[in-house]
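Undergrad: Chain A is fixed; fit chain B onto it per the hints.
Protein sequences appear in the order of chains A and B. Just so you know, the first sequence maps onto residues 16 to 222 in our numbering. Just so you know, the second sequence maps onto residues 16 to 222 in our numbering.
Quick caveat, the hints were computed from the structure, so don't treat them as lab data. Bear in mind the structure is a predicted one, so any value in this text is a computation, not a measurement.
A pair holds if it fits inside one copy or across any two, identical chains being indistinguishable in the list.
With a straight-line Cα cutoff of 25 Å, these simulated SDA-like cross-link-like pairs (lysine to any residue) come out:
{"no.": "1", "residue 1": "Lys103", "residue 2": "Ile34"}
{"no.": "2", "residue 1": "Lys63", "residue 2": "Pro193"}
{"no.": "3", "residue 1": "Lys104", "residue 2": "Gly39"}
{"no.": "4", "residue 1": "Lys63", "residue 2": "Gly192"}
{"no.": "5", "residue 1": "Lys103", "residue 2": "Gly39"}
{"no.": "6", "residue 1": "Lys103", "residue 2": "Glu35"}
{"no.": "7", "residue 1": "Lys63", "residue 2": "Leu134"}
Number of protein chains: 2
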Amino acid sequence: MRHFVVIGQSADGTGDFSIEDLPGSSGRLDVLLRCVRAALLVSHGLRKDALVHLILRGGSAGARILRIGGPSAKFLRPDERSLATLVKKTLAACPTPAPETYAELRPGLFLRAGDLPQLLPETGGAPCFVLHEGAPDLREVAAPGRAAWFFIGDHSGLDAAALALLDRHGARRVSIGPVSLHSDDVVAIVSNELDRLESTRGAEAGS
Amino acid sequence: MRHFVVIGQSADGTGDFSIEDLPGSSGRLDVLLRCVRAALLVSHGLRKDALVHLILRGGSAGARILRIGGPSAKFLRPDERSLATLVKKTLAACPTPAPETYAELRPGLFLRAGDLPQLLPETGGAPCFVLHEGAPDLREVAAPGRAAWFFIGDHSGLDAAALALLDRHGARRVSIGPVSLHSDDVVAIVSNELDRLESTRGAEAGS
Chain A
16 MRHFVVIGQS ADGTGDFSIE DLPGSSGRLD VLLRCVRAAL LVSHGLRKDA
66 LVHLILRGGS AGARILRIGG PSAKFLRPDE RSLATLVKKT LAACPTPAPE
116 TYAELRPGLF LRAGDLPQLL PETGGAPCFV LHEGAPDLRE VAAPGRAAWF
166 FIGDHSGLDA AALALLDRHG ARRVSIGPVS LHSDDVVAIV SNELDRLEST
216 RGAEAGS
Chain B
16 MRHFVVIGQS ADGTGDFSIE DLPGSSGRLD VLLRCVRAAL LVSHGLRKDA
66 LVHLILRGGS AGARILRIGG PSAKFLRPDE RSLATLVKKT LAACPTPAPE
116 TYAELRPGLF LRAGDLPQLL PETGGAPCFV LHEGAPDLRE VAAPGRAAWF
166 FIGDHSGLDA AALALLDRHG ARRVSIGPVS LHSDDVVAIV SNELDRLEST
216 RGAEAGS
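Bound conformation, chain A alone (with noise of 0.2 Å):
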């Protein structure tokens, strides 16, 4: 399973916002919704072997992580409107989510409350990177294996004490070349990668 985490700094996490205007009233969940299209949905399909945790720090109830994919996932379409109507009804069914387990209130549609700190013990010692710009190219470090965790910021980038806590754990910081993109572009070229060398990979095994 690959792993894709994006912290949204201001990102509702109540489901209290306007599908009309989504940009203007939900925090900017509109960049973190095609994050989601970015790394589950593929040409007619979806991925089953990616999970997307929306880090969503807006909102006055506290942090939420909103965990998207896997194998029950379902009724996933690549069009923002339905994407943030689904991801609005889920979030407003469960307005105290427990903190310490999911809920899968959806079909691949998991909430629970916290923040990075309370993520990153799901790792369970799986390799981490960052994706931060000036970094070593992605494609030049040790190839990031099949369990691999991707942490990357929204339209604000990732703060200092994320950032910070990332590095203590031993996060890598990885860049993917020398423009600096839309969060949901830098989820396709990751993943555009991660298939690519799992592709090798196959290519390899079976040789």
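TA: Below, chain B alone, put in the same frame as chain A:
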């Protein structure tokens, strides 16, 4: 200038669609709008060296070419609803576009009547590439250069007539990895490859 051409087999070219149901009412124009974002928008900025040509074959009035980007482009926002609203207004403002010349209807948005045969002369001998599954990897082919054109299908792929026309035009088929991806992810990955090539060329020229 880098060019992306996305052929929308059924995408509406008249503006007669609902913002509230883009996938269901616009002939999947949403797929093409996501390509516009991926080609033109980067973190807190707009690529001035990229143009997107959307071939809109849907609607009752014949195919149109909507060109977006370049030095005059402004007011492009990344969320689908904003992009759809902008494109809807632009298309509706010009019910009978001219067949040979572009009208700039909004800053950086140009419209003409026409389809692929009318667009190809605009390439002016620049290198052309068709994104096609199973073709040689873009990373392995000769560097495409700054002025290359990339032709991409929508969710239903490129039709046989378009592929034949592009073959006759000398366009080279290339792929970007082992998994069949959404068109906007293809645009993001090709853009990243071009960014890397240009950065390498820049470093070599400066060394």
